[in-house]
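2 protein chains.
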Amino acid sequence: MSKTVPLGDIAAFDDEADVIVIGYGIAGACAALEARRSGGDVLVIERASAGGGSSALSSGLFYFGGGTAVQQAAGYDDSAENMYRFMVASMGMEQANHIRRYCDDNVAHFDWMEAQGVPFERSYYPDKAVFILSTEGLMSTGNEKVWPFRDIATPVPRGHQVQMAGESPGAGAMTPLLARCEEEGVRASHDSIATALIVDEAGGAAGVAIRQTGQDRYYRARRGVVIATGGFGVNKEMLARYFPGLPDTAEPLGTPYTDGSGILLGTAAGAATSGMDGMIATASIYPPGQLIKGIIVNTLGQRFVAEDSYHGRTASFIMEQPGQRAFLIVDADIFAYPEITTAHHELIDGFETVEEMEARLELPSGSLARTMASYNRHAAQGRDPLFNKHPDWLKPLDKGPWAAFDISFNRSNYLYITLGGLKITSDAQVLDGKGAVIPGLYAAGACTAHIPRCGKSYASGMSLGPGSYFGRVAGRVAMGNSAPLSGAAGA
Amino acid sequence: MSKTVPLGDIAAFDDEADVIVIGYGIAGACAALEARRSGGDVLVIERASAGGGSSALSSGLFYFGGGTAVQQAAGYDDSAENMYRFMVASMGMEQANHIRRYCDDNVAHFDWMEAQGVPFERSYYPDKAVFILSTEGLMSTGNEKVWPFRDIATPVPRGHQVQMAGESPGAGAMTPLLARCEEEGVRASHDSIATALIVDEAGGAAGVAIRQTGQDRYYRARRGVVIATGGFGVNKEMLARYFPGLPDTAEPLGTPYTDGSGILLGTAAGAATSGMDGMIATASIYPPGQLIKGIIVNTLGQRFVAEDSYHGRTASFIMEQPGQRAFLIVDADIFAYPEITTAHHELIDGFETVEEMEARLELPSGSLARTMASYNRHAAQGRDPLFNKHPDWLKPLDKGPWAAFDISFNRSNYLYITLGGLKITSDAQVLDGKGAVIPGLYAAGACTAHIPRCGKSYASGMSLGPGSYFGRVAGRVAMGNSAPLSGAAGA
Chain A
-16 MSKTVPLGDI AAFDDEADVI VIGYGIAGAC AALEARRSGG DVLVIERASA
34 GGGSSALSSG LFYFGGGTAV QQAAGYDDSA ENMYRFMVAS MGMEQANHIR
84 RYCDDNVAHF DWMEAQGVPF ERSYYPDKAV FILSTEGLMS TGNEKVWPFR
134 DIATPVPRGH QVQMAGESPG AGAMTPLLAR CEEEGVRASH DSIATALIVD
184 EAGGAAGVAI RQTGQDRYYR ARRGVVIATG GFGVNKEMLA RYFPGLPDTA
234 EPLGTPYTDG SGILLGTAAG AATSGMDGMI ATASIYPPGQ LIKGIIVNTL
284 GQRFVAEDSY HGRTASFIME QPGQRAFLIV DADIFAYPEI TTAHHELIDG
334 FETVEEMEAR LELPSGSLAR TMASYNRHAA QGRDPLFNKH PDWLKPLDKG
384 PWAAFDISFN RSNYLYITLG GLKITSDAQV LDGKGAVIPG LYAAGACTAH
434 IPRCGKSYAS GMSLGPGSYF GRVAGRVAMG NSAPLSGAAG A
Chain B
-16 MSKTVPLGDI AAFDDEADVI VIGYGIAGAC AALEARRSGG DVLVIERASA
34 GGGSSALSSG LFYFGGGTAV QQAAGYDDSA ENMYRFMVAS MGMEQANHIR
84 RYCDDNVAHF DWMEAQGVPF ERSYYPDKAV FILSTEGLMS TGNEKVWPFR
134 DIATPVPRGH QVQMAGESPG AGAMTPLLAR CEEEGVRASH DSIATALIVD
184 EAGGAAGVAI RQTGQDRYYR ARRGVVIATG GFGVNKEMLA RYFPGLPDTA
234 EPLGTPYTDG SGILLGTAAG AATSGMDGMI ATASIYPPGQ LIKGIIVNTL
284 GQRFVAEDSY HGRTASFIME QPGQRAFLIV DADIFAYPEI TTAHHELIDG
334 FETVEEMEAR LELPSGSLAR TMASYNRHAA QGRDPLFNKH PDWLKPLDKG
384 PWAAFDISFN RSNYLYITLG GLKITSDAQV LDGKGAVIPG LYAAGACTAH
434 IPRCGKSYAS GMSLGPGSYF GRVAGRVAMG NSAPLSGAAG A
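Heads up: the sequence lines are chains A and B, in that order.
So that you can map any letter, position 369 of the first sequence is 352 in our numbering, and since no number is skipped, the others follow by simple counting.
So that you can map any letter, position 190 of the second sequence is 173 in our numbering, and since no number is skipped, the others follow by simple counting.
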C-alpha cells in the first residue's frame, strides 16, 4: 500500500482519464462533478460496490453560513466576515487562508448544493442536540455561544441538515450528487482498491494502480489525481501511533473503509500530513439540554470546562483529565429519573448528601463540596468566574438529592472521527514535506487535515461542509479551471 | 537518576528537615521562604555553588497584573477579572483553576515581592521590545493587543521588570530573595545533585538522595519535598523525544542545569507530566517596532500570522510552516538599511520589484504578488481580513525597493524554553498518572507544566510570575499552612 509505482514501469495502461478521483464520498463526488463540468473525462475509483462512503452514513450536517437562505428564513443575520471571525478564533489561524476562502464562497456554495438537488428545509430546530431525527434545516452545532467565542463573533446557528428524516440524512446529499455525476458522464470503477499512485520522473502524480477482482490494473491520469478518501478511524496501527491513550470503549464513526489508505497513498508519494493527533470524539451530555445546568468535575472534584460547550469540545477536555475520567453532577431540579437521563452515560447513583457522593466517586474529601459551594454562590448571581458558562445554563445545584453520571472517556461509548490528514493548499493541491506542491496531486475531504485541529474546536458539519467545498476546488484546479467557484448554476 | 530509593533501605540519614526544596531558583527560594515562615526547618538542595539558577540569568520579567502599583502609576486600569479573561482565552482553559488563583492573588503577590526587597520602578516602556536594558518597571510582553484577545479583555501591559539595568535583571529579584532566606535561617546544601526521591511504603515522598563531593547522602523530609528545578532545554534525549524537528540552530535559554532532572525525579516516583511538547522559542522581528508593519510569508508566499503578535507566538506559527521557513517582507517606507535592521535575522537582499523578490525567495510564481496586492488593498482601508492585525501596524507595502529577511526557524538563532513538566494541582501538589496526589510531593516553577501550553500563548514573565507564586503555595501547603496567601507582610 505505501509504495509508488514509477510511470516508466508500466508497459500498457488499462484505462485513462483526465482526472482520476479516489473515493466516492462527498469530496470525491463534488470533485468529479466539477472536473467533469470543466470539460474533463473523469474516472472515480471506489472501494465499495456503490458510491456514498461515510458521507452517506452521516447525519447530513453541513457547517454553512455567511447568510444562507436557510439562515435568513430562520431570522438569523450572518455574514462571511462574522463566520470567518468565529472560525479563526475557535479553530485557529493555521488555516486562515482556507477558512477565508470557505467563508467568502459559502452562500454561493450552499446555493450550488441546492441546485444539485440537495434539499434543506427552511426551518430551525431550537433545542440542544447532537443530531436530530426530524427534518429541520438549521440547528446549532458548534461553540458559537460558548465563551470567549460569543464575545468575538455574533453567535448564529450554522448546522445545515439535509432534509431527510432518520439517522442517516447524509444519504439525502449523496443520492442527488451521485445522480448528477452519473447523468453527466462521470465514470466510476467500483469494488476497486487504489493500491499505489503512479508517479512520473518529476515526482508528480500520473495515475493510479488499483486492484479489482484480484487483478492489478493501471489507470493513467492525464491532468491529475484527486485523493478523496476517508479518515483513519479503523486503522489500528495509525491509531496506536497517534492516539496511544485511546480506550477500547471508543468506536469509530464511518464505514469500515476509513482505514487511512488515501493518506498512505499520498505520503508514499512524499505528501506531508498535518494535525494527525487531532480527534473529535463525543458521548454528549445533551440532550436533554437541561443536563447542561449540571456541572462536570474530574477526579479531583474540580470543574475543567464550560458545561455548555459543544459536546466534542467537552469530550476533548475530558480526554485530558487525570485518568480520562469525569462525572456529571446534577441536582433534583434538573434530574427526574427515569424521565430524564442521558443517552450515553451510566447513572452512578442518587445521593442524599454531597458528602456521600464525594465518597462514592472517590473524590478528595471536601473537594466536590468546595467546588459546588463556589459554583452555587456564583450561579445565584448569574456568573461563572471560572469558565463563563452562559447565564442561560446557570442555576445553583442546591436542591438534593443529587445524581452523578460517569462520563469518563474510558467508561462510555465515545464515537470518534480522526481529523488529521494530507496537507493541502487552499487550492486543494497536496504539499510535500518541504512545502512544495506535488504536481498533479490534489486532495479533499476527510483524508486531508480538517480545518479544526481537535475536538475542542470542531463543529458538526465541518466534514461535509469543507469536504464538499474543497472537493469542488480540487476538481476545478485539476482541470486548470480558474473561473470563480460560485453561482447556483454550477458554472 | 530515574529511580527511587525505598525509605526502608536507608539505615541512617545524613540530615533531616521539615521541608526539602530541590533547586534554588525563584520557585525554590519562594517555597523555602514560605515554608520557613510557616515554622518549618527548611533545607534547599542546589546543584550550583550558589543560589539563583536560570531565574538570576533571566531578563527579570514577571507577568503581574490585576491592578498592581506599577500598573496604576502608569495609568493602566486592570483587574483580576480582566487578567483572568485574557489568560484563559489566550492560554486555554486547561489550567483555569491555577489561573483563577494566580489572578485573584496577583496584586497581593506583587506587594509581597516588593516587601521582600525586589524593586519595580514606577515607569512604563512604551515601545515594542523583547527585553530592555533600561529600568522601566512596566512593558507589554504578551498578546493582549492581538486579535482576538483584544476583543475579549481590555489590553493592558503586564510585564513587570525588576529595577536593575543590564541583561540579567533577574538577579535583581534573586539577590534579595536569597538574602531573606539566609537571614531567616533557611539552610542550603550547594554543589549537591539530587539523584533520587526517597519514597515510603505508601509511595509518598519521604526524603531526597543526593550526591555531593563524590559521596551519596540521604536527607529525610519530615513534611514534604518541593521539586523546584528548571526545564529540560539541554537534555538531548528529552529534546529528541518531544521536539524531533528542533533545528541545530536553536539554543536553550537558562543555565546548563536545565536538564530536566527534577522532572525525571518526579516521574520516577510516579508523577505525571503535561504539555511536554510545548516550547516558547523566539527570534523576534522587533525591535524596531516599525518592522511589524511588514508582512511575514511562508514558502508558498502566504501570510500565516498577525505580524503584531508576541514574538513567541509568531515563532510558533513559523515552526508549523512548510520546512519551518518564513520571510519578513518590508518596503522602503519601513526599512532604511543600515539604520534599521533586525537583531536576529539575515537580510537576504533588497529588490527593485516584487517579481525579483519572489524569484530569489523561490516562492511560487505570482504568489507573493497576489498576497501583497490583497494585503495592500485592505491595509489602505485600515483592515486585515485574514488576521485582524491591529490598524496601528497596517500600511500598504507599496513603496519600493523592497527588502526580505530570512526569519526561518532553522536559519536563525532561535532561543527557547521548554514549557512542559510535572503536573500539579493549584495547591502545587504533584499528581500521579491516575490523577491522585502523591503524598508529600510538591513542585513549582519551570519543572512543572507552565500555564501557557505553547509559544502561541506564552507571555514574557510567565515563568518568574507563576514560578514565584506557586513556589510560595508549595512551601506553605507542605507545612500545612492554610492561611490566605496575601498581604505585604508575607504572613
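Be aware that a few hints might be false.
Copies of one chain are not kept apart here, so a pair can be met inside one copy or by any two copies together.
In the DMTMM-like style, the derived pairs of lysine to aspartate or glutamate whose C-alpha atoms are separated by at most 20 Å in a straight line are [as the list claims (entries may be wrong)]:
#  : residue 1 : residue 2
1  : K128      : E150
2  : K417      : E345
3  : K111      : E338
4  : K111      : D231
5  : K417      : D389
6  : K417      : E303
7  : K417      : E220
8  : K382      : D410
9  : K128      : D389
10 : K417      : D231
11 : K(-14)    : D316
12 : K417      : D60
13 : K(-14)    : E77
14 : K111      : D375
15 : K219      : E184
16 : K(-14)    : D183
17 : K219      : D260
To be clear, the hints were calculated from the coordinates, so they are not data collected in a lab.
Small disclaimer: the values here were computed from a predicted structure and weren't measured.
Structure versus earlier hints, numbers of those that do not hold, lowest first: Structure breaks hints 1, 3, 4, 7, 8, 9, 11, 12, 13 and 15.
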